[in-house]
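Enquirer: Line order of the protein sequences matches chains A and B.
Quick note: the first sequence uses my numbering, first residue 1, plus one each step.
Quick note: the second sequence uses my numbering, first residue 317, plus one each step.
For the record, the hints were derived by calculation from the structure and aren't laboratory data.
Quick caveat: nothing in here was measured; it's all calculated off a predicted structure.
Backbone N, C-alpha and C define an ideal beta-carbon position, used for all residues, glycine too.
A couple of the hints might just be wrong.
Simulated coverage check for chain B against chain A, where a stretch passes if three residues somewhere in it have a Cβ under 8 Å from a Cβ of chain A [what the hints assert, rightly or not]:
# : stretch
1 : 333–345
2 : 464–477
3 : 543–556
There are 2 protein chains.
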Amino acid sequence: MIALHRENVRVFAPATVANVGCGFDIFGFALNEPGDEVRLQVTDNPGVSIAKISGDGGLLPYQAQHNTAGRALQSMLDTLQADFGLEVEIRKKMPIGSGLGSSAASSVAAVFALNALLKEPLSNERLLPFALEGERIAAGGALHPDNVAACLYGGFVLIRDKSTYDIINIPTPPDLYCAVVHPRIEIITSEARKMLKNQLPLQQAITQWANVAGMVIALMTSDYDLLRRSLHDEVAEPDRAVLIPHYEALKKAALQKGASGFGISGSGPSVFAFCKGLPLAKKVGAAIRSVFQENEIGNEVYISDINKQGPKIISG
Amino acid sequence: MIALHRENVRVFAPATVANVGCGFDIFGFALNEPGDEVRLQVTDNPGVSIAKISGDGGLLPYQAQHNTAGRALQSMLDTLQADFGLEVEIRKKMPIGSGLGSSAASSVAAVFALNALLKEPLSNERLLPFALEGERIAAGGALHPDNVAACLYGGFVLIRDKSTYDIINIPTPPDLYCAVVHPRIEIITSEARKMLKNQLPLQQAITQWANVAGMVIALMTSDYDLLRRSLHDEVAEPDRAVLIPHYEALKKAALQKGASGFGISGSGPSVFAFCKGLPLAKKVGAAIRSVFQENEIGNEVYISDINKQGPKIISG
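Based on the provided sequences and hints, a complete structural model is requested.
Expert: Here you go:
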């Protein structure tokens, strides 16, 4: 019998940037916005019932087993052997298919909310697999915990070993800001993944892990110049950049304005730029946006520091 | 005209461990011992003359252009447009072909010594290419600055970009010790390099750079448990371990005694183990040694913390 602390709660979980330059498949970090809200209401009927989906989620399925939040909740209820059910309201406050971890935000908001209902809440380590169950729908079988881990833990994380969920926090400079721009074009993650080669030359791999090391040192010592030198992706960017219109012009605009690195968020189409301080991040965001505008591509700009908190209770 | 500060000097430069687990081709660190000594005496005759080689260097050539120290010195004299010459004495205090950066120690000792003679000494950044000229003899053309950089800069270094000599210091825990054991068997670097594959699977590369990131975080936050989890080499170790007799038994002995990671130094045959504190490092060194002893393989054990100073003037 699971004891409950409360009967309803509303939770926000943030968008996340995964891959992060040379850190393909191993790095992720959380933004302050955008993100998703999930409201849960305990009911007497066992199982998960999705009552409402609003915001940008108009096309998402209401059947719990096909919905990322629904599936994550059901797997957690099953493990808890809960004798109650949940009525779920999902408020998508971010674009789907944006490369900003939209499905991770819903899954994490859902399991974090259910956890907040419990008298004896579980640790993040125990919540992670439930949130990943939700991701399974979006990822088409292959589970990449980068978005989910960054969203749930907050901050900047390393997925050292995805099979054992060995997630390590990387300290970041307090004045590190990120300009994220989402162009309104569609890239399917599983398609973007198919663009990748299965093998890579040893020298290219060495360059990549040298830059990964450089990036970690840069973040941990607030060395923005080293960050800029290190934030190159030899492996995924060359293949994936072709899916994002005007990629080279976007990158050039960001770096010329003084960004400390530019890259694709997740598998795109969103792009991000690291900047020292909020004013510069705003300028860089505007410079990236203007390249999209000139080419008549609608877009959203988000400016955020690293969200160290992760998900949070809004009310309930 | 180059102004001199003194006419002779004796310098010690340390042995180094390169590759360092998952950090293939990008990490290196300096030991306190063993190492090489080089004594220089200014002469009126231009050019480099090697007067004496003692210690473990019985087979090294006396012709300056074929000797690592000699060649490094000559390239530096040429660049300085020196109107004087040098008489060189080399005291090899470490085994050649050990995987401990023997040629780097000689080259670095030589250029560091010449630099110490100058009224206006050059920066380490400017010395590095001269020391690498010496390495060219040992490396057979391909230049890998890992040993030279670790030896010259001291400490634990990342070679972020070998083409621009972008060398970054990685802070390490003050109680990090290393047990190094050199078995008296021979491995030629260029042969060991041939054992490596030119391509590697993307998943293997991802595992490697995840561990590289984990290792940097572990060193910078004194997280010995993370160091142990991260210090795996998926790329070079499987191919190179077969050249070192009883490799698996050595590794098991070190880890069972409590080492925070075990690997091949450079291209071998020396092996190293990281340990928290001097007493543990001594125990681990003895455990590794005993595996060699049981198999009647002669060996030397060196116990050292990370040598943050690099080369040093002994007298002159």
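Enquirer: Taking the hints in turn, state whether each one holds.
Expert: Each hint tested on the structure:
Residue count for the stretch 333–345 of chain B with a Cβ under 8 Å from a Cβ of chain A: 6. That meets the three needed, and the coverage hint holds. Judged by the Cβ-Cβ criterion of 8 Å, the stretch 464–477 of chain B is covered by chain A as claimed, because 4 of its residues qualify and three suffice. Coverage of a stretch by a chain is defined here by at least three residues with a beta carbon nearer than 8 Å to that chain's beta carbons; for the stretch 543–556 of chain B and chain A the count is 3, and the condition holds.
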